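Taken in order, these protein sequences are the chains called A and B.
The opening position of the first sequence corresponds to residue 9 in the numbering used here, with each subsequent residue numbered one higher.
The opening position of the second sequence corresponds to residue 2 in the numbering used here, with each subsequent residue numbered one higher.
Keep in mind that a hint or two might mislead.
[What the hints assert, rightly or not] Derived SDA-like pairs (lysine to any residue); straight-line CA-CA distance at most 20 Å: (1) A:K154 <-> B:Y141; (2) A:K154 <-> B:F249; (3) A:K76 <-> A:T241; (4) A:K76 <-> A:E179; (5) A:K154 <-> B:L13; (6) A:K154 <-> B:E248.
[Stated by the list, open to error] Over the 10 Å line for every Cβ pair with chain A, so calculated as not near, a few chain B residues: (7) A30; (8) L51; (9) A100; (10) S103; (11) A127; (12) G178; (13) R196.
Hints were generated in silico from the structure; no laboratory data involved.
Only a predicted model underlies this, so the values are computations on that prediction, with no experimental measurement involved.
A virtual CB, placed ideally from N, CA and C, is assigned to each residue, including glycine.
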Amino acid sequence: MPELARSVSGKPAVQAISWRRRITDRVMTGVAVLTVVIVLVPLFAIFGYLLYRGLGSIDWAFLTQTPKPVGEVGGGMANAIAGSALILGIASIFGVPFGIGAGIYLAEFGRNRLGRVVRFTADVLNGVPSIVIGIVAFEIVVIYQKHFSALAGGVALAIMMVPTICRTTEEMLLLVPQALREAAYGLGIPRWRTTLSITLRTATSGIITGVMLAFARVAGETAPLLFTAFGNTFWSLRYDQPTAALPLQIYVYANSPYEDWHRQAWAGSLVLIILIVTAVAAVRYAVRRGSFGTA
Amino acid sequence: MTACGLAVLGVLVLIVYELVSGSGLSWHAFGFKFFAGSEWDPVNEHFGALPFIYGTLVSSLVALVIAVPLSVGVAVFTTEMCPRALRAPLSFFVELLAAIPSVIYGLWAMFVLVPLLSGHIQPFLAKTLGWTGLFEGPPYGIGMLAAGIILAIMIVPIISSITREVLSVVPQNQREGVLALGATRWEMIRLGVLRNARAGIVGGIILGLGRALGETMAVTMVIGNSPQISRSLFAPGYTLASVLANEFSEATGDVYRSSLIEIGLALFFVTIIVNALAQLLVWTVTRGQPARGNA
Numbered sequence: 009m010p011e012l013a014r015s016v017s018g019k020p021a022v023q024a025i026s027w028r029r030r031i032t033d034r035v036m037t038g039v040a041v042l043t044v045v046i047v048l049v050p051l052f053a054i055f056g057y058l059l060y061r062g063l064g065s066i067d068w069a070f071l072t073q074t075p076k077p078v079g080e081v082g083g084g085m086a087n088a089i090a091g092s093a094l095i096l097g098i099a100s101i102f103g104v105p106f107g108i109g110a111g112i113y114l115a116e117f118g119r120n121r122l123g124r125v126v127r128f129t130a131d132v133l134n135g136v137p138s139i140v141i142g143i144v145a146f147e148i149v150v151i152y153q154k155h156f157s158a159l160a161g162g163v164a165l166a167i168m169m170v171p172t173i174c175r176t177t178e179e180m181l182l183l184v185p186q187a188l189r190e191a192a193y194g195l196g197i198p199r200w201r202t203t204l205s206i207t208l209r210t211a212t213s214g215i216i217t218g219v220m221l222a223f224a225r226v227a228g229e230t231a232p233l234l235f236t237a238f239g240n241t242f243w244s245l246r247y248d249q250p251t252a253a254l255p256l257q258i259y260v261y262a263n264s265p266y267e268d269w270h271r272q273a274w275a276g277s278l279v280l281i282i283l284i285v286t287a288v289a290a291v292r293y294a295v296r297r298g299s300f301g302t303a
Numbered sequence: 002m003t004a005c006g007l008a009v010l011g012v013l014v015l016i017v018y019e020l021v022s023g024s025g026l027s028w029h030a031f032g033f034k035f036f037a038g039s040e041w042d043p044v045n046e047h048f049g050a051l052p053f054i055y056g057t058l059v060s061s062l063v064a065l066v067i068a069v070p071l072s073v074g075v076a077v078f079t080t081e082m083c084p085r086a087l088r089a090p091l092s093f094f095v096e097l098l099a100a101i102p103s104v105i106y107g108l109w110a111m112f113v114l115v116p117l118l119s120g121h122i123q124p125f126l127a128k129t130l131g132w133t134g135l136f137e138g139p140p141y142g143i144g145m146l147a148a149g150i151i152l153a154i155m156i157v158p159i160i161s162s163i164t165r166e167v168l169s170v171v172p173q174n175q176r177e178g179v180l181a182l183g184a185t186r187w188e189m190i191r192l193g194v195l196r197n198a199r200a201g202i203v204g205g206i207i208l209g210l211g212r213a214l215g216e217t218m219a220v221t222m223v224i225g226n227s228p229q230i231s232r233s234l235f236a237p238g239y240t241l242a243s244v245l246a247n248e249f250s251e252a253t254g255d256v257y258r259s260s261l262i263e264i265g266l267a268l269f270f271v272t273i274i275v276n277a278l279a280q281l282l283v284w285t286v287t288r289g290q291p292a293r294g295n296a
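Next comes chain B alone, as it looks inside the complex (with noise of 0.2 Å):
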């Protein structure tokens, strides 16, 4: 048994040392200008992974401002206000979400996102919005809105299983004493839940944000797939993780394998990070609040 749990130790061990042996060989020719240069040119073998950088950045923020108080205020609902007979059938529906295959959500996503984006609501943003320079050009439906937008429907139900999980630790002596104070239900869930759970919330964010940093097929099909950096969200984009779906099976060249993969490793210690720190907040607030709520 002690040697199945090694092994899960040596399956990350295997994982950091391919990433980091296969990766050499662009680390030797580009060092640390390959993550500040923006040109991706295959023929010439000149690789720089900013634009993939600045993609997966942005359509994750996209999807988290959108995605945080959709999920906050599903949980927020399912865990305070609605009726019991409610709550199971509804946090069942919003983890089906969940179960849905990446794959499919990209599918949906091209057929009917993208065609109700450039007839309808990217227009209409244009011309509210237009002025911040956000939501100009052309409304083509692929690029970095609709891969934000799917992203958040994406990452909904893992941060709102997370914070109601982290709401439904806060104490209940905590809610009675600030409805006996005279609070209403709303001040209640202000002063006396979210406050207290700010932490746990902020974890389950994080979380949502490592999912969103390396998904790809959905992002993939529907961001444009173009490595450019533009200011509007209306144009085309790369990620880190759609990059590799689509070049690293065709990769020739050694150098051209090597850069894909460091882009792996580049994505690898930047979800793994992201996911650590999201685990501890978590745990700090699942483990520590009750103790303290006694006290």
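The shape of chain A in the complex, shown without the other chains (with noise of 0.2 Å):
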């Protein structure tokens, strides 16, 4: 930069900013709020169009009946709703034992060559697209039982989310400072009993919310549902049997030529977002709370 050089010396130390470096600063200062603008639109304009075309469709129907057959008007989705419950209650028997387990290993247990490979995999399996977890689940549920699932989805969504809650409770667990652990020690407390009983339950908020966090994740996940759970219908809480999800009937329904079918898509939509914002925003609450925090 020239200008410094002559500055210092013997010009004035403070000299003017050209014109032209000014005008790029505020073009620059512009282009960043308007790429702020751009991104902002569709965010509203979904949320309007979800709200718009959802809360004029939801209606009492729509939330206790079963579909109606094809080209009759009304119905709704009632048993798609419970089903997806089901299907992420299995999830979440599967998935979160398993991915707290492991996170508990990769910040106890975890600080060697294991434990990188553990937490590598965790973020492998973390980008591995939802399809391709739903042909897995397919090969090792469906073509055992011989037909789609509500178990099959289970899986699915279990194995998605072991990765994400394995990850923040390690995280959280961390967290947790090394003098408490070290306090337990010093009372005699044997590791295992320490893990459980001081670090655990010291992080539990943490934990809860990365639960939570997965669990918005993999409720609206569609993809792995596809093949596994495969929809229905009708109603059906039995967890050998092809069962309807939320996401699945969103799908079908947008993509029929119906258009009482896509009002219901709208409503069916809006209701899974408030479900997983509700889910979310509720536990939020609860950790803050201290509900669940040291019990």
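Make the complex out of the two chains shown on their own, each in a separate frame, by following the hints.
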């Protein structure tokens, strides 16, 4: 920068910044603001449209009835909402303990080569496309059972939950001060007992937040359910039967040529978003209140 | 706990095993020609994956071209320019984009974005940029361009949150130093911040690419699902993930299913490589940078 060199050698120390540099500065600031606006437009467009089309479409029938036959107006997605709950329940039963267990392993016992490998594997798993996980669940559950089922959908979603829960659990446990662990050891408490009653308990609220984030992430997943849970137009709450799920139903209805089904797809999307947001918000609130915290 | 950690490894091994064993039949039948052939004929059991590979790459590239400047702009604005009070809500809004399920993006794209494209944006592009050959043909709305745009909206939160993280580890001294030399704010950002964070930003971009490659539902709903290779972005296409979504559950015949599983395997490997690369890049910046800054 020649201006600076000159200012050292006797010229006025503070020099006006040339108009070109000043304008570039202004323009780039403007560009940055513009990018923010461009990014926020779709966000508000999506939420606005969701509210606009969804609110007008949710009625009592939508929440309490099963789908009507093709072409008939009316009916609802009650079975899909229940089915989603069932599949997510199955996924949590498999996914949450494994995820938390793996997280504990990484944080407390994983300061070695095996730990690094597991950590890297979890990150890799996190990036595997959900549809590929659907194929795997198909191969290990559906082929074995010989038909689509809620169990297969649950297994697929569980595989997706594990890496997220594992890494957040690890992060949360690492935040627990080392002094706390040392104090426990000092009292003669064995390591496993320290982990369970001291470290884990201190980190509970963080771990629950991680679990809920994983839950919210898989709740809207459609791709791995296409050929595992498959969808169903009737009530079914059996783990070994094809089961409807909210995202699947939205997908099928959106691709249909019927105006009434499009309406229900919007309604379903709104319900799905509300469920996801309230689930996350409720846990955040509960965690902040401390009712889950150090019990 | 070690068992849980090993289970994470086991899941990855299981995925690889199932995909490899499932695709064996197709591998024997077609060998490497599978990835070079452009014929997809389930009736005569001739399968080539080239159109899907092409569609996946092009739609993701379009997404990157749109998303990269936007996300870097947003990240720069939130870390360097905006008033402190705006920072948290802005990042919250951008991250909200990441919470929307893919199927809802697809629904919105089908009913809002596609009509907008075919009615206004595509005729305009054809008129002004038609000579490039990229924007030719009838403006149906559905096609590569729509898929690219919706993917771009979906990966902006990923790229921008990583970029933000990387920018925030650039040492504060660096900024102060460049400002003290008389730089304007934009020069400070360009020379002092962006240049330092380059590797990490590239990592974030690659991570976004990984997400775009494997994204299924939203793309399937708007890309047109036709296995063809054409230069124009207005033309419909097909991706690896969406052919799985559409055809896997109704694949009759062992070779057909096996070919689809091989597509899944290809998708799996590509995303793993892409993600590992990204992780490495982000890691070098967030771990290595502060040490070098202090030296």
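A quick look at each hint next to the structure:
Using a Cα cut-off of 20 Å, the hinted pair A:K154 and B:Y141 is violated, with the two alpha carbons roughly 41 Å apart. Of the supplied pair hints, the one linking A:K154 and B:F249 holds, its CA atoms being roughly 15 Å apart against a limit of 20 Å. Proposed proximity of A:K76 and A:T241 is supported: the alpha carbons are some 8 Å apart, at most 20 Å. At most 20 Å may separate the alpha-carbon atoms for a hinted pair to count; A:K76 and A:E179 exceed this at roughly 47 Å.
Proposed proximity of A:K154 and B:L13 is contradicted: the alpha carbons are some 24 Å apart, above 20 Å. In summary, the hint linking A:K154 to B:E248 is supported, as the alpha carbons are separated by about 18 Å, within the 20 Å threshold. Listed as outside the interface, B:A30 is consistent with that label: its C-beta sits roughly 19 Å from the nearest C-beta of chain A, beyond the 10 Å cut-off. Every C-beta of chain A lies more than 10 Å from that of B:L51, the closest at about 19 Å, which supports listing it as non-interface.
Annotated as non-interface, B:A100 brings its C-beta within 10 Å of a C-beta of chain A; the closest such distance is 7 Å. With a cut of 10 Å on Cβ distances, B:S103 falls inside the contact zone with chain A, its closest approach being about 7 Å. Listed as outside the interface, B:A127 is consistent with that label: its C-beta sits roughly 22 Å from the nearest C-beta of chain A, beyond the 10 Å cut-off. In this structure B:G178 is separated from chain A by more than 10 Å, as the shortest Cβ-Cβ distance comes to about 13 Å.
Every beta carbon of chain A lies more than 10 Å from that of B:R196, the smallest distance being close to 15 Å; the non-interface claim holds.
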